[in-house]
Structure formats: C-alpha cells, structure tokens
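Okay, here's what each chain looks like letter by letter:
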Amino acid sequence: MSGAVAVQARRAPIRRTPPRGRLTKAFLYLLLAIVAIIPLFPLYWLLISAFKTPAEFASVPPTWFPAEPTIAPLVTALTEVPFAQSMLNSLIIVGGSTASVLVTSVLAGYVFAKHRFRGRDALFYGVVATMFLPPIVTLVPLYYLVSTMGLDDSYLGVMLPWLANAFGIFLMRQFIMDVPDEIIEAARMDGAGEFRIVWQFVVPMLKPAVVTLAVFMFVYGWNNFIWPLSVLKSEALYPVVLTINRLMSYTMSFEYQNVVIAGALVASLPTVLVFLVAQRVFVQGIASSGVKG
Amino acid sequence: MTTVKIAGEGAALLPRRAPRPKSRQKGQGRWSALFLSPALIVIGVFTLIPMVMTFVISLHEWSMFTPITEMNWVGLENYETLFDDSNRIQAMGNTAIYVVLSIVITVPLGLLIAMLLYFPKLKGKGLVRVILFSTYVIPTIAIVIIWSNIYAPGYGPLSTMLQAIGVTPPGWLSDPSWALISLVIFNVWQMLGYYVILLVAGLTQIPEDLYEAAKIDGAGLVRQTWSITIPMLNKTLVFVLLMTFINSIQVFDPIYLLTQGGPAGSTNMVSYEIQRSAFSYGLAGESSALAVTLFMSIVVVGAVLGIVMKGRNK
Chain A
87 MSGAVAVQAR RAPIRRTPPR GRLTKAFLYL LLAIVAIIPL FPLYWLLISA
137 FKTPAEFASV PPTWFPAEPT IAPLVTALTE VPFAQSMLNS LIIVGGSTAS
187 VLVTSVLAGY VFAKHRFRGR DALFYGVVAT MFLPPIVTLV PLYYLVSTMG
237 LDDSYLGVML PWLANAFGIF LMRQFIMDVP DEIIEAARMD GAGEFRIVWQ
287 FVVPMLKPAV VTLAVFMFVY GWNNFIWPLS VLKSEALYPV VLTINRLMSY
337 TMSFEYQNVV IAGALVASLP TVLVFLVAQR VFVQGIASSG VKG
Chain B
339 MTTVKIAGEG AALLPRRAPR PKSRQKGQGR WSALFLSPAL IVIGVFTLIP
389 MVMTFVISLH EWSMFTPITE MNWVGLENYE TLFDDSNRIQ AMGNTAIYVV
439 LSIVITVPLG LLIAMLLYFP KLKGKGLVRV ILFSTYVIPT IAIVIIWSNI
489 YAPGYGPLST MLQAIGVTPP GWLSDPSWAL ISLVIFNVWQ MLGYYVILLV
539 AGLTQIPEDL YEAAKIDGAG LVRQTWSITI PMLNKTLVFV LLMTFINSIQ
589 VFDPIYLLTQ GGPAGSTNMV SYEIQRSAFS YGLAGESSAL AVTLFMSIVV
639 VGAVLGIVMK GRNK
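Protein chains in written order, with the numbering used here: chain A, 87 to 379; chain B, 339 to 652.
Be aware that one or more of the hints could be misleading.
Partial pick of chain A residues on the chain B-facing surface, computed with a CB cut under 8 Å [as the list claims (entries may be wrong)]:
id: 1; residue: A122
id: 2; residue: T139
id: 3; residue: T162
id: 4; residue: F218
id: 5; residue: Y230
id: 6; residue: E280
id: 7; residue: V358
What the hints contain is simulated information worked out from the structure, not anything from laboratory work.
The C-beta atom is built at its ideal place from N, Cα and C for all residues, glycine as well.
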C-alpha cells in the first residue's frame, strides 16, 4: 500500500518545491493566528459581555471592552435563581455517572481485551454499534421506562442511562489490549484473583485512558441538556444547564441579556477548568481513540 | 488482532503457558460474566430495550402519558402521516441541508487546519490545538447564548465588523434564508476542534519517508496532499465524516433554545420534531416513526460508507 503510493508520487511531474522563505513562515503564522482567533473571539465576547452594564451591552456599535466593568449581572444571575444549588446538582449527577462509567468500562474493557470466550468479539462489536445511536432516537421510551420505575424527577433517573456506555468500554479495551499478557499471567501465577489483577496490575497502567474517559463523561454529563430537560420537573433538582434555561426564559429584554450571559459564563467554568487541567492527557487520549478505532 | 496472534504464537513458542487447565478457564467464564454484567445490563436496559420499543411504538397510536399497554395498533399509518405532513417534510429537508453543509465545511476545513497544525514547524501549535478544542467542552446552552448575541443585528459584533468592511450583514437568525446557515456556522465552530484532533492523530500515522520520497521527486504541496495525505488518511477522514453526520443529524439544543424551528420553519429539524411531537403534542407514535426514520438514515449512510471503504481497501 505505502509502496504503491510512493511509486505514484514518484511518477508526479517534477516541480520545484515552493520557496521556504520567511514570507511563507509569516503567512503560516498568520493562518495559525486566524485559526486561534476564530474560536477565541466568541469566548472573549462571553467574558466581556458578562461584565458590561445593560446600557453598554445594548449600545450600537458595540464596545470591544467594558468601559465601566460591573459585577452586577453576575450577582443577579447567582441570586435570582438557585444557582449554587444547581451547580451542586450538576456535580452530583455528573460525579455519580462518571464514577460508574469508569468502573463499568474498566471491568468490561478488561474482559473484552484479555478474556477469551466464544462470541466475545461479536458481543464487543454489538456493544460498539450502540455508540453510533443518537440518544434522541430512544428518548421517548427511555423517558417512559424511567418514569414507570418511578424515578423521573430524581437524580438517579437522570443518571441511570449514563451509568455505562459503549465509548468507555471501547476506549478501555483499546488501552487494556496494550497491557502485556505476561503481567497478567504472572499475577495469576502468584495467585491473584481477577479483581486484584484489574485493580492492582491493570488500572495503574491506564492513567491516560482513565483521565480521558473521566473528562469526556464529565463534559458530556455537565453539558447534556435534552435528557435532564425531559426527566426533571422540580427546580430544586435542576442541573446548571436547566437553570440557565430558566434564566433565559425569564425575559429576553436587554436588562436580562447580560445576566443570562454572566450565568452562562459561570456554568461553563467547571468543564473548562477540568479540560484545562487535564488537556495534555485528554487531547492525547481522544487522539488515540480515533487512531485505534 | 494482536491478542489472537500472541495466543497462536504462544502455543508454539511457550508451551508452558498454552495448555491452560480446563478448570481455570471455566472459572474465568464466571469472572467474564460478572465483569461484563454491569455495563451490559445498563446498555441493554437503557439503550437496546428502548431501541426496540421505539420500533414497536412507531406502529401504534400512543400518547406516552398513558400506560404503554393501552396503545392502539395502527400499522404503518404513522409513517404515512409523516410523509403527508409538510412541517415534517420541511424538518427532514432542513436536517438534510444542515447535515450536508456541516460535512462539506467540516471535513475539508478540518483537514486543512490539521495539516497546518502538523506539518510546518510553528511555535504555539499545541496551544492553538487546545484553544480549538475548548469550544467543544463548553455547554451548548452557553454557546447558544453567546452566538445569539454575536449574530444580533445592531449591537452584535459580527454585523458591526461586516459593516466596517462595507458588507451589508444578513439578518442571520431572523432571516429565513440565513437562519439555517447561521446554525451550520455555529455547529462547525463548536465541533471543529474535536475533528482536528482526530485528523492530526491520523496524520501522525502516515510514514514520513513517503513525503521524503515525494519531495525528492519534486512533488509540491498540492500533489503531496492529493497523492499521499488524503489516500493514507482516508480511514480517519471517513470516521470524521461519519461522526459529523451523526452529531449533526441529532441537532436539538440550539433549535429548542434559540429558534424553535423558526423563522418560517426554516430551522425546524427532525430531532426537534421528535421531541415536540411526543412531549408537547402527545403523539408518541408519530414521534417514534420519525425517530426510526432518523435511525434508518444513519444505518444506510453507515452501510454505504462501510461498503465504499471495503471496496477501496481491496
């Protein structure tokens, strides 16, 4: 395959490589700057809008930096709705489901990577197939199931479908396959049980995979909107995304616009912080999930 | 793949390991079942059973707020209603446009940015990669809020910038012919970083000597991209295409939060119709028929991509 491409490339008409002068370099840096500014600008706008007064926020043309920075919108956002409670609700829901996904994925990934039984790979690919199923397809029956169990309008009801997933199993299997069989065999010879093998010998080698999966699930659970929207009714249980929605629906008038923005800013902080702390390992982990898949 | 190989060779090279006592294998089976069951039960109960239920409900008339045992069999009637309803037809059309535009912009743009972040020796590449990805971790609701302000006429920065360079800004979200495109821009902006990471990872797998050989033979950047990068990357490209497809086809949050399908139905989407039909109108049967249609379109596209890939690999 690689040989064929090389031959094909060799047949290419001979052309001089473009001059690699300073000009090219400057152009590439310009491109790089543009690629950085486009994602950054809306985030910058989020940040500065949260600190503008309503009058300045609505001024035409807009100001590019708050002339009189104020924390009034922030204070209103945090006090008008039970903001702290909803941040805590998000943490409970996301923390619980992330922990569960880590445990179930390591255990299942270990079996798919290291145990041998008939139909193992078929079962694995069946599980992986569910990764491509959009949650919207099963939203109605899922809501019905959870409410029939009497668990609608509860933390557990939101968490139930998030307690395990195919992506986690897939990721763990890929990483556990790289754990040398010799280590597991040696542990087994020494009389270690399966639980100890996983906990003491496999898990310590999975740090990047665990971090990647944890961050991924944290972000997914924190940001997911449609499922808690469908299953929760009491405001006291709302995760922060629903509380922001509540804030949004109060009014669309200018006086409230920057309050909503301030709320959105605070609601985004946890995922951004988690991502920034873990970014080196996480980006690597996401990258290898693609390569190995 | 690797495990199978090791097992095969192990039998020949290390006979001491190969003939495992039967009792241990039987014991292992019990552990396999124990370790698999939590994950499989959750996926079975909360993914597979609902999937089957969606199919069954789509053949019934049901309000979803009455017990499921009380639903009425209507056969394929829900599917017929679906294709008679101009709202749903429009939602399907909009979703198709949204998905195709998202793919057509995301895949080439993602590839170009990935190449920029991989090939030339530039300082700050790592930082740019993190910045690109950061949009992916922010809650969609926060992004919806900020983009609705960026798109705002008058006080919004985007219109101001366009006016500054002498372009009359469109009405973005309030203009029926621009609203859908505005949502596509928003979608690409949010998701691009994720795909760039996957594509850069794909690029690292291409052996460098291919480029060395091409350079010696005088192939330029375009030629190298066309003859080496794209063919060698085609697995990753197809994966990114599939992920863009699946992620875009289920777009819900910005519609629910921002446009409610408007103006003039121009941003009404399938997933929004699925949710609205069931939760607001009590038409769970029709909603499920739409959900099955959405699911089938993913199966078809997935199958076509699979067949194309198989054909190419031969």
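Right, here's what the structure says about each hint:
1. Annotation: interface hint on A:A122 holds; nearest CB of chain B at approximately 5 Å, less than 8 Å.
2. For A:T139, the suggested interface contact is broken, since its CB lies about 13 Å from the closest CB of chain B, more than 8 Å.
3. For the restraint placing A:T162 at the interface with chain B, the shortest Cβ-Cβ distance is roughly 15 Å, beyond the 8 Å limit, so the hint is violated.
4. Proximity of A:F218 to chain B holds as hinted, the smallest CB-CB distance being about 6 Å (cut-off 8 Å).
5. Because the beta carbon of A:Y230 sits about 6 Å from the nearest beta carbon in chain B, less than 8 Å, this interface hint is met.
6. Below 8 Å, beta-carbon pairs count as interface contacts, and A:E280 has one with chain B at about 4 Å; its hint therefore holds.
7. Against a cut-off of 8 Å between C-beta atoms, the interface hint on A:V358 holds, since the closest Cβ of chain B lies about 6 Å away.
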